[in-house]
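Engineer: In this text, residue positions in the sequence shown follow the numbering used here: the first is 1403, and each later residue adds one.
Note that these hints are calculated values from the structure, not bench results. A virtual CB, placed ideally from N, CA and C, is assigned to each residue, including glycine. Treat the hints with caution; some may be incorrect.
What the hints assert, rightly or not - Pairwise CB distance ranges (calculated): (1) P1484 x S1455: 13 to 21 Å; (2) D1572 x G1409: 17 to 25 Å; (3) S1498 x A1421: 38 to 46 Å; (4) G1573 x G1479: 39 to 47 Å; (5) V1574 x A1415: 26 to 34 Å; (6) A1511 x D1443: 33 to 41 Å; (7) L1566 x D1443: 27 to 35 Å; (8) A1417 x E1499: 37 to 45 Å; (9) V1551 x G1479: 18 to 26 Å.
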Amino acid sequence: MNTTPDGRPIPPAHADERAMLEAWLDFHRATLALKCSGLKDDQLRLAAASPSSITLLGLVQHMAEVERNWFQRVFAGMTVPPVFGEGNPDGFALQSERGLDEATAAWQAEVARGRELIADASLDDSGHLSEQDAGHVGDQGVSLRWIMVHMIEEYARHNGHADLIREQVDGVTGA
């Protein structure tokens, strides 16, 4: 697999659907990690796009929770608590003692667990949404294909947030 100059994996121009979805998801995961690299703890905690309180560290924590939700809860039907505790169900809240290393380790563990759970699954296999969430989607069942496309969308949207925050923090743009 080819990589960008900054080390992110370039999704293949030609591949089957599963390989393409996995490659784009990995690209966006690597993009979020890149946006957080080389910063000090106080910079990772800076909410730079007023009035939003979103921070780069909060985005890493949030994506750990998103990974857990879609692959463990929805797809695999598991009952698991929020990654960072019941009082932080979306992962955005920061704690002074938790820095990027710990948040990244949790996020990477969730990514790895999600990969395990879908490794032998078909893109047509379905997970199940709660009744409340199904109201937004229009169906209680969602295919692994739908989940993977949604995950790519979720990362892409939050990577846009990360772009703006990083530029405000230290002027770094791109990627």
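Engineer: Quick one: which hint numbers does this structure break? Sort them smallest to largest.
Structural biologist: 6, 7
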